[in-house]
Amino acid sequence: MTDARRIRKVVITGISGRFGRIVARRIHHELDWQIVGLDRRAMPGRPKDIEHHQVDLRSKKARDVFRAGDVDALIHLGVMHDPRARPAELYSWNIAGTTKLLDYCLAYRVPKVVLLSSANVYGPRPDNPQFLTENAPLLASQRFPQMRDLVEIDHLVSTFLWRAQQVETVILRPVHIVGPIHNAPSNYLRIARPPALLGFDPMVQLIHYQDVADAIVTALVPGRRGIYNLAGPGEVPLSAVLAELGRVPVQIPHPVAKPILQLAFRLGISSFPVAELDFIRYVCMVDGRRASAELGFRPRFGLRDTIHAVDEPG
Amino acid sequence: MHTRGVSLLDRWRQLRGVVPDDDVAGRAHDLVIRGNEFGFDEFGLSRSSFRGVMTVSRWLYRNYFRAAAFGVENIPTSGRVILVSNHAGQLPWDGLVIAAACFLEPAQPRVVRSMVEYFVPAVPFASYLFARWGQIIGTPENCRRLLAAEECVLVFPEGARGISKSFARRYQLAEFGTGFMRLALEMRAPIVPIAVIGAEEQAPAINVKSLARLVGAPSFPVVPYPPFFPIVPLPVKYRLYFGEPIWMTGDPDDDEEVLEDKARTVKARIQAMVQHGLRERAHVFW
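Line by line, the protein sequences are chains U and F. No gaps in the numbering here: position 71 of the first sequence is 71 in my numbering, and each next residue is one more. No gaps in the numbering here: position 163 of the second sequence is 1163 in my numbering, and each next residue is one more.
There's no promise every hint is true.
Cβ-Cβ distance ranges computed for the label pairs, FRET-style [what the hints assert, rightly or not]:
#1 U:P145 / F:D1253: 37 to 43 Å
#2 F:L1211 / U:N135: 38 to 44 Å
#3 F:R1144 / U:G268: 45 to 51 Å
I should point out that these hints are in silico values taken from the structure, not numbers from a laboratory. All values reported here derive from a predicted model rather than from experimental measurement. The C-beta atom is built at its ideal place from N, Cα and C for all residues, glycine as well.
Start from the sequences, fold in the hints, and give me the full structure.
Following this line, the structure appears as structure tokens:
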């Protein structure tokens, strides 16, 4: 059925974000696929050959994108994290939206689904082994209900992976993605005097945003399916990352850090939900050996380049 | 040698005279540490931090506990190995002394990675300092990874039963867990048995069970001298006996009883080494 010369078509959710644009650009340049964006936000300044639909994933219009049956892959980046949105709204958007997308993929025979999940789904916990494998339970939502959506989307897509055998599903769980993008770790590392917890300095793993884009492109290769941790170039203490960037952390004793951060969040001074404090307190690192063995994935960027990626101009 | 009629002062001078000059910096330099460009290994161990803690440990090892080590040639100079030792004394000074011995005594110093309890990462400062010094959370996955990287892992199979044993039960080894045996079989790692003499008398404590229940701790040791909690160990003399490596064979997924039997043979070996050490020594403090 699939003609080798036919131009392939990929649907990318969350394309309007900085990272979504980077992924779109990479696929456009390297694979020369036709790109269709799905996002509730507009995409100002998009290239002419990118088709964009400013729609809700749950709407009929989103279904229409798949209806022709010529979509070759879905890349789902559109997990909404907005900490200021109402939890019920977020839940409905994320979970109902993802369920609908998976239904469309099944109904209209999309052969490939790639979900960009996160290593955060395992949760930072004091009793974590130093390196979590893909088989570790996803416990992040036990301590913070705010992580519930992320964990549940991962569960939804893992179930889909086993249920829909005819679809090649790939779940990528990268560690903290850093780069000129807007996510919690990059935002944190851009603060000149970031808060740190007195007496805590966990080992962290970071991954360059271009390496994650590489992994997504690799996941599109036919025949690849499964769940993969993306571990990045190595492990360093958080303090070494901050020192490398020339940041001077403000050491706060952990019993008072929570109320302070909560107040700052309420007043709109900080955009970090309190639950994220555990990421600068406990270890949450992953074993990336499966991705390197089965996908042949190896980060191109070393530790230093990865750390400095946060200061790249956007 | 202990002889009657020698004054305490003479004994003190004698003890002070034999402290060797250790080259801590040189030995720290010779350690095999798999560091990245920032100087940390994947568990957070850094050479400079390890050197710092060994500077302090050396003083404890040489001057405070005046430790003597026998059979250090049984510590392999390289390659994976599981050190298995008896455990006692309310606070894990025995772990520190074993680590110092493996750093100071053999021709090729080695980093000893010991397991810490699951609550340690939640304790400020201990959370990261222990990691910088090479200590790891005691999960089987962590041990497996270190052994696969040809490192040296220290296990106390008596666990909490051992460290909190009361003074009356000193040198009677508590029941061994089987985790170390499963690891040794699975990873094909030799076991070096260690008998530690001294640690079991460093805190002559009784365990007040009612207080332990009250504070929700596994034990509540009380010693008969201020500050009544065994923070500062008595200056006992440590004697460490390193036995010949034991190679176990078998299936790591065998029944628990089979593994218990195998663990018991290691326990018997260490108990015999302990009895030998107790016969050889003249006094608890010198």
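Hint check:
no.: 1; hint: U:P145 / F:D1253: 37 to 43 Å; in the structure: 39 Å, holds
no.: 2; hint: F:L1211 / U:N135: 38 to 44 Å; in the structure: 41 Å, holds
no.: 3; hint: F:R1144 / U:G268: 45 to 51 Å; in the structure: 47 Å, holds
Comparing the model with each numbered hint stated earlier shows that all of them hold.
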